[in-house]
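**Q** These protein sequence lines are chains F and H, in that order.
Going by this note's numbering, 149 is the number at position 149 of the first sequence; the sequence numbering is gapless.
Going by this note's numbering, 420 is the number at position 420 of the second sequence; the sequence numbering is gapless.
Treat the hints with care, as some may be off.
[Unchecked claim] From the structure, some residues in chain H lie toward chain F, with a derived Cβ separation under 7 Å:
#1 Val162
#2 Leu163
#3 Ile207
#4 Ser525
#5 Val527
#6 Leu531
#7 Glu558
#8 Leu568
Derived by calculation from the structure, the hints in this document are not laboratory data.
Glycine is no exception: its CB is placed at the ideal position from the N, C-alpha and C atoms.
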Amino acid sequence: MNQTRVKSRDTFSVFDENGEIQLISSSVDHFAFFSLPRKMEIDEAGLETKYYEYSRRLHPDFFTNAPSSKRILSLDASARLNSAYKTLKDPILRAVYLVELESGKLEENDSSPPVDLLEEIFKAQEAAAEYKCCENDAVEAKNLRANLEAAKECFVAQRAGQRTALEDLGARWDKAIDAGEDPPAEVIDRLRSVLSLRNYIDNILRSVNQALEEA
Amino acid sequence: MGDIIGIDLGTTNSLIAIMEEGGPSVIAPEGENVFVPSVVSFRSDRVLVGEKTRTGRAEHIRDTIFSIKRFMGRGFIDVEEELRHIPFKIDPECKEAVYVKARGRAYSAPEISAIILRELKSRVEKHLGRRVQRAVITVPAHFNDAQRQATKDAGRLAGLEVLRIVNEPTAASLAYGLHDRNRGVIAVYDLGGGTFDISVLRVKEGIFEVLATGGDTRLGGDDFDCALADYLIERAGVRVEENPEAVGQFVLAAERAKRELTEKNETEIVLENPGGTSLSFREKLTRAEMEKIISPIAERTLAPCRRALVDAGVAASEIDEVVLVGGSTRIPLVRHMVADLFGKEPHSDLNPDEVVALGAAVQADILAGGRKDMLLLDVTPLSLGIETVGGAMGWIISRNTTIPTSQREVFTTFKDNQTGVDIHVLQGERELIKDNRSLARFVLGIDPAPAGMARIEVTFLIDANGILSVTARDLRSGKAASVDVQPSYGLTDEQVERMLLDSFENAEADIHARQVLEARTEAESVVAATLRALRDYGEVNVSGEERASITGAVSGVERALESEDHQLIRDKIDALNEVTHPLAERMMDNVLKEALTNKRLSEAMSE
């Protein structure tokens, strides 16, 4: 059992020297779990290979006849593996995780949507609510649906724009890490703002989609 | 450790498969059908199960329980509207779980399922010539936590250790996987007697990775029968609201007609004096007429399919193979609909009624260590969340997350010296909790402190069965916090215990098996609690010497577990509790300590 508190990304291994599963403390982050550097851009194919390899070694299916302590280690380690993989394989989830790891949880007030976007958001929320709850005649329903579709398009376009911004910021982040430096404060701030705005837009999109689906 | 059997506990039929030399095979006693109808009939002097319930079923229709799977893990309010088509009685007094009434006694859904499981167990034991204690049981992929737990409870009541709950469509894909029929991205469309599932998987190098799953646990062949029965009742022009026997007979006749119309284009329904009425009913029905009646129901499977594709991130055209599972996929209309949706002919090379049980046997073989090249990575079908301010859903784990998975959340207090935080856990996709399924409520025990000072970390863990457990600790002290979980639907542990006592036939072997099972379960939870305490608290607070004595005691428990000696297991658990006692003491705050003087570490920490 590993008794040292794991901070450095290089020292953690899921398995001990005998190939047995270790107790994984909550101080081990997802990057450390996969022995990856804390960067925005990662080798996604390599991650998948490692995920499958670890799954074959950690999954509870292979510990049915093992002593119960090993079964529990397998369960906890598999749960960690799946959470870590889900977070790291998706570029957005990965970016949010990394930014939160460096600078704390994203809050709603990290983002300040531009005024025109805010207006779009309010309009969409109103349309979604009306479309869902009210008895609309056919013409009205058609109009509302068209409004919702338009709003959806606008938000999807917004997200595409954010994607480019995220890539640029991500590249600057990684450059700093490669140089052995901390990511610049300005990059962190802008990432926080873009990511939390994205989160905000995702929520709106979700309710717009739900309204469209339900009606 | 003995055999592990695969069980398909179906709405209409149940069956068992085991792994044999040549591969998985379904088993049946000489001269009998492999399918055991999932029907339990309470007669004056005995309880009949399966095929035997057919004789005299019409006379005993009110004491004959079928489709019990639809009631697993549900409350009375959920099933109220289904009662119209059910000839047996549901106890309206019990709100938190469905109890059926037969011959003056109330039975929970897991108890009825356990009767079916016991029949299956005795079949396989006769076939193998030895006792069987461990099983894999399949459930619809879309089953929620309570329904899975109810299935596990049923196994326990039948004297089976349920090693794994496997999703039916994924089990089917494992059976196909053996035949190397499935590569790339596959869709499994599973329409059974009572439930519908769609699963999208990627199969790569022996890993069966479920990308998304969707479904409806109240949509299946039974609904076709009921719609057809309503049509026939209307044609007969009789009033049968007050005559459950008559409705029951119409439903049985509808089911027969549906089967015949799968092969033929026309059939005739004949009913003489159903339920003691003076009615003499004779009616021709064509396949086209039937399709018109059932197609609105069959179409309800399409939306979950589309959603699963979106969740999986694949287009219908990217699906390499479509597999049909479940008896209702024999209906030509259903096959056409599926072919249209995916733009390719679905296949069902393996018998759609047997393939799930075969897959369960494959999973059993994997668990037994027989197969190491195949691995199933399944997902949780429903999002998990907790109630937040204003009745909104606070998301914790999203649907289609690969299991096992865990998520930690930190909670605090709003009032000074608050000693508990109420947490309400739900499953579902809607934004408001009132539209989702309540799973459980629990209270976190907290040391008194000024408002907002407490920091309680709660870990929500969904295991490989898709079943949730909750643990908590106080982040300021590292101490374990108590979690007292009250399930919203279904049975508490104490209720299952009591049913176990009632159900065992007092044969010595049964009692012994049960005692060993119970001791094992307790040992597991004590060892789990100990390891997690070491993980969360042990890094800085446990000396090498203490750690060595704790791990020594853990090994002692594990050695005892290899025996069939429940007393030895209990002794070793006590020994472990003794060496962890000082650690438990240090972990408990004074207040908690007072409240829990007689409780041990394991109890304070377990779910």
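**Q** None of the hints should be skipped; say for each whether it holds.
**A** Status of the hints after comparison with the structure:
1. Val162: 12 Å, violated
2. Leu163: 6 Å, holds
3. Ile207: Holds - the Cβ of isoleucine 207/H comes within 7 Å of chain F, reaching about 6 Å at its closest.
4. Ser525: 9 Å, violated
5. Val527: Holds - the Cβ of valine 527/H comes within 7 Å of chain F, reaching about 5 Å at its closest.
6. Leu531: 5 Å, holds
7. Glu558: 4 Å, holds
8. Leu568: 15 Å, violated
When the structure is compared with the earlier hints, violations turn up for hints 1, 4 and 8 and for no others.
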